[in-house]
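Undergrad: Here are the chains, one letter per residue:
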Amino acid sequence: MLDQPIPLVPYNLSGPANPNEIKRILEAVLLTSQDPLSLSELRKIFNEEINLEIVRKLLEELRDEWRNKGIELVHVASGWRFHTKPEIQQFLDKLNPQRPLRYSRSVLEILAIIAYRQPVTRGDIEEIRGVAVSGQSLKTLELRGWVESIGHRDVPGRPTLYATTKSFLDDLGLRSIEELPPLEDSGSLFELESNIELSSAQESIITESIE
Amino acid sequence: MLDQPIPLVPYNLSGPANPNEIKRILEAVLLTSQDPLSLSELRKIFNEEINLEIVRKLLEELRDEWRNKGIELVHVASGWRFHTKPEIQQFLDKLNPQRPLRYSRSVLEILAIIAYRQPVTRGDIEEIRGVAVSGQSLKTLELRGWVESIGHRDVPGRPTLYATTKSFLDDLGLRSIEELPPLEDSGSLFELESNIELSSAQESIITESIE
Amino acid sequence: MNQFPTLNTIVPVKEIHGKFLMDVPADLYIPPDALEIFLDTFQGPLDLLLYLIRKNNLEILDIPMAELTRQYMSYVEIMRANQLELAVEYLLMAAVLIEIKSRMLLPCSNSKDTEGDIDPRATLARRLIEYEKIKLAASRLNDLPQAERDFALVKVPAEKIMLRCLPEVSANDLHNAWLALFAGIKNKSHYHVTREKLSVRAHMSRIMRQLRGREFIKFHELFNPTFNIAELVVTFIALLELVRETLVEVTQSNIFGIIYVRPTNPISAI
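Residue numbers (our numbering), protein chains in the order written: chain A, 1 to 211; chain B, 1001 to 1211; chain C, 2001 to 2270.
Read the hints as simulated data drawn from the structure, not as lab findings.
Each hint should be verified, as a subset may be incorrect.
Pairs of lysine-lysine residues, derived as DSSO-like cross-links and limited to a Cα-Cα distance of at most 30 Å, are as follows [claimed, not checked]: (1) A:Lys85 with C:Lys2055; (2) B:Lys1023 with A:Lys85; (3) A:Lys57 with B:Lys1057; (4) B:Lys1057 with A:Lys23; (5) A:Lys69 with A:Lys85; (6) A:Lys69 with B:Lys1139; (7) B:Lys1023 with A:Lys94; (8) C:Lys2133 with B:Lys1023; (9) A:Lys23 with B:Lys1085; (10) B:Lys1057 with B:Lys1044; (11) B:Lys1094 with B:Lys1166; (12) A:Lys23 with A:Lys57; (13) B:Lys1057 with B:Lys1094; (14) B:Lys1069 with A:Lys94; (15) A:Lys57 with A:Lys139; (16) B:Lys1057 with C:Lys2155; (17) B:Lys1166 with A:Lys69; (18) C:Lys2055 with B:Lys1085; (19) B:Lys1057 with B:Lys1069; (20) B:Lys1023 with A:Lys44; (21) B:Lys1139 with A:Lys85; (22) B:Lys1057 with A:Lys166; (23) C:Lys2133 with A:Lys44; (24) C:Lys2155 with C:Lys2055; (25) C:Lys2133 with A:Lys166.
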């Protein structure tokens, strides 16, 4: 359907005359924007005189053109954005030797609970993990812009409800929460392999010592 | 000299095997960097195993490849960087429309008087507007490059004569001052006379009209 | 290789050189140096229980409570013996385990309508399953490429043009300003404005500009040969107007001689 030529709405602001010109502009604008740009934002560039479908089609063409580069055009939750392919990271690290901090296991577990069980209160998180949640861990995630409070549960104490943000999806290159890896059923996991649960960290501490 | 193939120092860090691969990496790294990167910084990416001359040559090739894009690779004092070409600015502005700035009414009135009645002195302007003209308003217009002093009137005090500049015409998209909307359009506001005659600001507006 | 991530990706494994100083059951040896790391490694009692269950190949839906409780208590005892600050959750879990174990020892309840039906282990099993899912999900989440850690965002700086920050003015704005100005004046008194060719004013400016910085200019220099008749006329009128406003002087030393136009105040004097 999209393969058929779509007539361009005439565009007259000292403007791009043809699809290639429009693509060149889309490319330049996306390369200068750190945040993802939605279709409708991109359409604004051309005074909204270009059909959304055309913008989408040109973006897809652009994505294909960049396929073999070190940078890729991706479609994430809040729109389209360029980012480097993971294989480029090793070179970037040479330039900026300090690597960004990795999140601790507890922060990651809290994030996973919020992502998969949202909206949740701190109490819900504590119930699942069986331990108290440090304010620091939640703060870390909020400061990163991955988690936000979206209201209060209507129970005594009115605890804050947390959910993940669009920016969380953007930063993981996802379009929606459904694109997260599915929650594995523990039962099937157990059948698969029981010792994968024994993380080597735990293993090394306890089993190692038996020898 | 550089056109001859320069043998690449073997590069072995899970690494780029050929010039195209290196170029692809340079491109990705430069697109993610806000600051210019010097040749020696760029060389660091490859564990300094690549000749500076080769890096320079590849950057020049990259610059040529980007020539027809909305973004260009430029060599500035502190190194190499990508930036947008000026013609992209209008589209970026659409994306982040700053609330359009407006000149105050008094600045606009002063500009109108200078445009329609030039050359005029500050005294002329004050006479027409009936209020003192702040130095700031005139300064604003002079700094903008729209108004300049073109001499002095030979009366006591030798007041400066102001006129509009060519840059004023350019910025308003006019070829000449005659292209300003004619004042006779104001029809009912003024009594029209068909005489084209020489009439100075004072004569026509103030003196003549006091009947 | 292993499609399931290990916790190596999350918690760095520290080297342990400790020797065993304690005599504890064989499957519970923990080098004392490792105890703190042990506490750090486990996220809490659920995590420890899961470890024990998986390590011993126990069935999560049919937990042998006696064995699990025995092992769990051994760990807790070791930690307490070493006076490690044990999170209260570990002790709470110990109590839960003992309670479940003791309830299972009781004969099946006579009143079927209460809790008799429900396996006392059910809640624990449910929590363990849920926690295990999350634990795995956290690990998978961590394996996803992440902005700033695994890839960088592209941000090419835009060359900002200064002019863009300045207010825009259109010719109509000026016209309106003019109209507003005189609408105001008209309200105050009766004014009478003649129609005027703007070009006179424009050419007055042009002539003044040509004169700028000069002693004089020859009359004919004011008349650009490319001018049309109207422009020539307007230029002449502009010159007369400048004379009238005493901005310029026009002199001629002899009949048919060169006419000089001088600014009354050469700009050099500014």
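Undergrad: Broken hints, numbered, in rising order?
TA: 1, 3, 6, 8, 13, 15, 17, 18, 20, 21, 22, 23 and 24
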